[in-house]
Amino acid sequence: MMISKKDLQMWMERMLPNDRSYLAQSGSSYTKEIRSFEAIMRSFWGIFPAYGDQPQKLNTFDTVQDFIDCVEEGNLPKLSTENRQIAVELGVLGFILGRYPSSFFQLFSNKGKKELLAWLYQINEIDLPKGNWFFFLLLVNLGLKKNNSPYSQEKIDEAVAIIEECYLGEGWYSDGVNRQRDYYVAFAFHFYGLLIDYCFPEEIKTRYKKRAIIFAESFKHWFDAEGRSIPFGRSLTYRFAHCSFWSALLLTEAYRETSLSVSEIKGLMEKNISDWQKRPIVLPKEQNLSIGYGYNQQLLSEDYNAPGSPMWAFKTFVVLALPEKHEFWQAISAMNIQRRDKTVQAHAGFHINHDLHQTTALSSLQCSNNPLLYHHFEKYSKFAYSSYFGFNVTRDIQGIEQFAIDSTLAVSIPDHQQYMTRGKIEKTKMYDSYGVSFWYVWQEVSITTYLVPIDAANHIRIHEILTNQPLEVVEGGFPLANWNRKYNQAIIQENSCAIENEQGESIIRNLGDVRTARVIPQGPNTNIYSSEKNAVPTLTTMIEAGRTVLAAHIIGQKNKQLLPKVTFHETNNAFQLRGNVDLTIKKERFAK
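The sequence shown begins at 1 in the UniProt record's numbering and counts up one residue at a time.
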């Protein structure tokens, strides 16, 4: 696939909903009025970069006309702290005020323009949560200032200061006081920072642009050779918004100061877009982007996901602001990005490995402190995230088959059939060859987990468990889509479980004391990529009160290859891996 500006414009327009009836498909944590406004604003991330210099063309889009009507009829939603979700949608208006003010103002009467600008100023009265939301405050006030409208310099200064507090260094941000270093670093912090450099270069100098240039060297590792991004963290329903970072990097010409060529960025974006175009992510009747990831999957949603929310992906379409003659549209796509096969990202807590078929991140740091974030255990706290296999989401609280056992270690009180896994990570140590996390279950069972990458398809896990009661412990490998025990056979041996089909193979091999190998079937609509049933190879054991050490070799690959040989041995102060892996791991002793 060779991407052209016209092709991208046409794809964007095909994903604009036919009418507003789709807004009744599902609810969210905010009101119908805000959901309706969100659906208008998020479409603007595609419409204005594509046609912002053509006011007559802008008038032909339903959402633009809906917004004009809101302004002219005095029906703009109330801006208040209680309704602060609206503030999220005002960032695009700041962008438009910075880039397309003439065309934008032609859409309104003088009275409408005056009332709109006065309404936008009210963002300064909202108490915002510390994090990326302060970019909305910054974009709006800079947009107002550029158009000689009342603005708040005090709020500009406050926003800049709060954003500075979120900066960790080396190109990385944290979205508030937490351990979430997810895609919001790319498609929120850096995306908005680059837009500020693009629209208001005289205001913030080059601070945000320089940080994005540094971050690009890390973020290029979050995509595999097929262009797929690692599925990880919240807001996966925004799908190809993961590419919006690259769009903004192109828009500002910042890519010229990175190690990536325009051909490499184009190749990555083309592959990513091509992958999404093959997936059933658009609902057939209303033509809106569904909530989900690889398909329409409400199970994956957050409480802030409304029917119009997935159009956050349209932020990638800011690349349409590039003129037809820009080198991006003329460039020949590179087949692959030049990068190392292995990298350690301390700020993300990732050990990332690449091969031709997948990128895998072993995760030792990140977790969510927000109990209201649905399925945050699955989205942040699994041991491994693969761009090929994806991950599963728990369907119910009863029974291991309903529990997303893939890439995790779950414990249960014997005969209770309710399971708990790694959630909050208390302590982390990152080394070049492995990562260590210390975590609790029920504040009673302490577990130290060592994650050792071999390559993208192979890794080792070691768990040191301290418990004051007997436990059932189940450990799972990668989920294999379309595996059904009615039609597929597992290869179960004394210390290993292997499953395979046309999708590839997933294996878990025990390296320590004997555990029972078995396949755990998982229901339809649980995997984020595939709506079909899937299965997970597992190892199960009953442990007594006291100290137990478990170790396993995990394999997940698209094509069968010779497996590395690994042996495991424990000494007083270390764990030893030998064979194709030669590594001595010192035992961590975290202070409680």
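A few of these clues could be false.
Within a straight-line C-alpha distance of at most 27 Å, the following computed DSSO-like cross-link-like pairs (lysine-lysine) qualify [as the list claims (entries may be wrong)]: (1) Lys130 x Lys155; (2) Lys560 x Lys533; (3) Lys145 x Lys205; (4) Lys146 x Lys205; (5) Lys586 x Lys565; (6) Lys146 x Lys113; (7) Lys146 x Lys111; (8) Lys6 x Lys78; (9) Lys220 x Lys145; (10) Lys533 x Lys278; (11) Lys57 x Lys6; (12) Lys57 x Lys130; (13) Lys220 x Lys210; (14) Lys486 x Lys533; (15) Lys57 x Lys220; (16) Lys78 x Lys130.
Here are the in silico distance ranges between beta carbons for each label pair [to be verified]: (17) Leu283 x Lys558: 23 to 33 Å; (18) Gly74 x Lys427: 25 to 35 Å; (19) Met542 x Glu82: 50 to 60 Å; (20) Tyr167 x Pro470: 43 to 53 Å; (21) Lys565 x Val514: 14 to 24 Å; (22) Leu356 x Leu168: 28 to 38 Å.
The hints are simulated quantities; they were obtained by calculation from the structure and are not laboratory data. Remember, predicted model here, so these are calculated numbers, not experimental data. All C-beta atoms in this analysis are idealised placements derived from N, C-alpha and C, irrespective of residue type, glycine included.
Checklist entry - Do the alpha carbons of Lys220 and Lys210 lie within 27 Å of each other, as the hint requires? => result holds (16 Å)
Item to check | Range agreement (Cβ of Lys558 with Cβ of Leu283, hint 23 to 33 Å) | outcome: holds (29 Å)
Next on the checklist: Between the alpha carbons of Lys78 and Lys130, is the straight-line distance 27 Å or under?
Outcome noted: holds (22 Å)
Item to check | Hint consistency between Lys486 and Lys533 [alpha-carbon to alpha-carbon, up to 27 Å] | outcome: Roughly 11 Å between the alpha carbons, so the hint for Lys486 and Lys533 holds.
Checklist entry - Between Lys586 and Lys565, is the straight-line Cα distance small enough, at 27 Å or below? => result holds (21 Å)
Next on the checklist: Lys146 and Lys205 were given as a pair; does the straight-line alpha-carbon distance stay at or below 27 Å?
Outcome noted: Status holds; Cα separation ~15 Å.
Next on the checklist: Holds or violated: Lys146 and Lys113, Cα atoms, limit 27 Å.
Outcome noted: holds (15 Å)
Next on the checklist: Verify the CB-CB distance for Leu356 and Leu168 against the hinted window 28 to 38 Å.
Outcome noted: holds (32 Å)
Next on the checklist: Given the hinted pair Lys130 and Lys155, is their Cα-Cα distance within 27 Å?
Outcome noted: Measuring from Cα to Cα gives roughly 13 Å; hence the hint holds.
Checklist entry - Holds or violated: 25 to 35 Å for the Cβ distance of Gly74 and Lys427? => result At roughly 55 Å between Cβ atoms, Lys427 and Gly74 fall outside 25 to 35 Å, so the hint is violated.
Next on the checklist: What's the verdict on Lys6 and Lys78, does the C-alpha distance respect the 27 Å limit or exceed it?
Outcome noted: Roughly 37 Å between the alpha carbons, so the hint for Lys6 and Lys78 is violated.
Item to check | Satisfaction of hint between Lys130 and Lys57, Cα-Cα up to 27 Å | outcome: violated (38 Å)
Violation of the numbered hints given earlier is confined to hints 8, 9, 12, 15, 18; the remaining hints are satisfied by the structure.
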